[in-house]
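Peer 1: Here are the chains, one letter per residue:
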Amino acid sequence: MSKLTLKTEGDTHVVVTRKFAAPPKLVYRAHTEPALIQKWLLGPEGWTMPVCINEARPGGKIRYEWDDGKGNGFYVTGEFVELVPFSRLVHVERMHMPDPTPDNHVETTFAPDGSGTLMTMRMTLPDATTRTMMLSTGMEHGMEASYVRLETFIKSSAVA
Amino acid sequence: MKSLDASFAALADPTRRAILARLALGEATVNELVEPFEMTQPAISRHLKVLEGAGLIMRRVDGTKRPCRLAPSAMTEIDQWLGMLRQALAANYNRLDDVLADMKTEN
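Line by line, the protein sequences are chains V and L.
Residues in the first sequence are numbered from 1 upward in steps of one, following my numbering.
Residues in the second sequence are numbered from 1001 upward in steps of one, following my numbering.
Hints are not guaranteed to be accurate.
[Claimed, not checked] Only some residues are given here: those of chain V computed to face chain L with a beta carbon under 7 Å:
id : residue
1  : L4
2  : L6
3  : G10
4  : R18
5  : A22
6  : L26
7  : A30
8  : L36
9  : K39
10 : L41
11 : P44
12 : W47
13 : C52
[Stated by the list, open to error] On the chain L side, residues computed to face chain V include the following (Cβ under 10 Å):
id : residue
14 : R1059
15 : G1063
16 : A1088
17 : A1090
18 : Y1093
19 : N1094
20 : R1095
21 : L1096
[What the hints assert, rightly or not] Per label pair, the in silico range of CB-to-CB distance:
id : chain 1 : residue 1 : chain 2 : residue 2 : range
22 : L       : P1036     : V       : G60       : 30 to 36 Å
23 : V       : V81       : L       : K1104     : 25 to 31 Å
24 : V       : G114      : L       : P1042     : 54 to 60 Å
25 : V       : K61       : L       : P1072     : 42 to 48 Å
26 : V       : E82       : L       : F1037     : 32 to 38 Å
27 : V       : D68       : L       : K1049     : 30 to 36 Å
These are calculated hints, taken from the structure and not from any lab test.
The C-beta atom is built at its ideal place from N, Cα and C for all residues, glycine as well.
With the sequences and hints as input, model every part of the structure.
Peer 2: Structure (structure tokens):
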């Protein structure tokens, strides 16, 4: 089932949409309660989020730390700008790798969709170059996994 | 097709993988690569030479510039990498489906 859409918009936006089989209230809670966030916001297989701070109020702090259990990790910090319970979240975030990336302004809406929810996450980067770098960084992480698989493939071919 | 060893060596460097990721989003000149990567022009040029030698990028002549773009054979790989970025996001939301199912049961 391909429920996720990921597309760029204009020069500085990235828009992600996804439908969920649960009402907006639950999807909103899963985005604002640390114990719930730690169960799903993990990225590739094998990563965990040992530190999750999410102060869901205007001006509240966000801090997510990820770890792959092999000594690799990075973290995101941010602040909430606006919260409309169960329908809208606005926050600013930046990734530390370890140098901070330019601020990513994120608006997430949770709209009723039948008995479920349509989530729309709209990211706004300061300029086109930053957006390119953000997408490239995400790709580079994917490429790392690809490279490791290529390496395994070449090693097994050499043995055979 | 260039040798697998050359591609393998070219891909072994994180800067070169990042340059490929950048070129996946469009053509760029050396100068356009210098700024985001915070490297000197000779350093970027050396990486581009390795990528070109491995057949992963192509360069054309445009006046005094030589803009680089991904070679068609590299595109297949890049498509797979973009697919993986989508997969990482999709994996998150598939996990969220399970979390939501549990929350519904509790209520």
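Peer 1: Now tell me, hint by hint, if it's right for this structure.
Peer 2: Going through the hints against the structure:
About 5 Å separates the beta-carbon of L4(V) from the nearest beta-carbon of chain L, less than 7 Å, and the hint is met. Using the Cβ-Cβ criterion of 7 Å, the hint placing L6(V) at the interface with chain L is satisfied: the shortest such distance is roughly 6 Å. A hinted interface residue such as G10(V) counts as satisfied when its beta carbon comes closer than 7 Å to some beta carbon of chain L; here the least separation is about 15 Å, so the hint is violated. Because the smallest distance between the Cβ of R18(V) and any Cβ of chain L comes to about 5 Å, under 7 Å, the interface hint for this residue holds.
Interface hint status for A22(V): upheld, as the beta-carbon distance to the closest one in chain L is roughly 4 Å, under 7 Å. With 7 Å as the threshold, the beta carbon of L26(V) comes within range of chain L, its nearest partner Cβ sitting at about 5 Å, so the hint holds. For A30(V), the interface hint holds, the least distance from its beta-carbon to any beta-carbon of chain L being 5 Å, beneath 7 Å. Restraint check, L36(V) versus chain L: the minimum CB separation of about 6 Å is within 7 Å; hint holds.
For the restraint placing K39(V) at the interface with chain L, the shortest Cβ-Cβ distance is roughly 5 Å, inside the 7 Å limit, so the hint holds. For L41(V), the interface hint holds, the least distance from its beta-carbon to any beta-carbon of chain L being 6 Å, beneath 7 Å. About 5 Å separates the beta-carbon of P44(V) from the nearest beta-carbon of chain L, less than 7 Å, and the hint is met. Nearest Cβ of chain L to the Cβ of W47(V): about 9 Å, over the 7 Å cut. The hint is violated.
Contact between C52(V) and chain L, as hinted, is not supported at the beta carbon level, the nearest pair being about 13 Å apart and thus beyond 7 Å. The beta carbon of R1059(L) is not positioned within 10 Å of any beta carbon in chain V (closest approach about 20 Å), and the interface hint is therefore violated. Here the hint on G1063(L) is broken, as its CB sits about 23 Å from the closest CB of chain V, past 10 Å. Hint on A1088(L) holds. Least Cβ distance to chain V is approximately 5 Å, under the 10 Å limit.
Residue-level restraint check for A1090(L) holds (minimum Cβ-Cβ distance to chain V is 5 Å; threshold 10 Å). Taking 10 Å as the C-beta cut-off, the interface hint given for Y1093(L) holds, the closest approach to chain V being about 5 Å. Against a cut-off of 10 Å between C-beta atoms, the interface hint on N1094(L) holds, since the closest Cβ of chain V lies about 8 Å away. Interface hint at R1095(L): satisfied, since its Cβ lies 4 Å from the closest Cβ of chain V, which is below the 10 Å cut-off.
Hint status for L1096(L) relative to chain V: holds, with the closest Cβ pair at about 4 Å, below 10 Å. The hinted window of 30 to 36 Å between P1036(L) and G60(V) holds, with their beta carbons roughly 32 Å apart. The hinted range of 25 to 31 Å is satisfied by V81(V) and K1104(L), whose Cβ atoms lie roughly 29 Å apart. Look at G114(V) against P1042(L): about 59 Å separates their beta carbons, and that is inside 54 to 60 Å.
For K61(V) and P1072(L), the hinted distance range of 42 to 48 Å is satisfied, since their beta carbons lie about 47 Å from each other. Evaluation of the 32 to 38 Å hint for E82(V) and F1037(L) yields a pass: the beta carbon distance comes to about 35 Å. With their beta carbons about 33 Å apart, D68(V) and K1049(L) fall inside the hinted range of 30 to 36 Å.
Figure legend: structure checked against the earlier numbered hints; hints not met, in rising order: 3, 12, 13, 14, 15.
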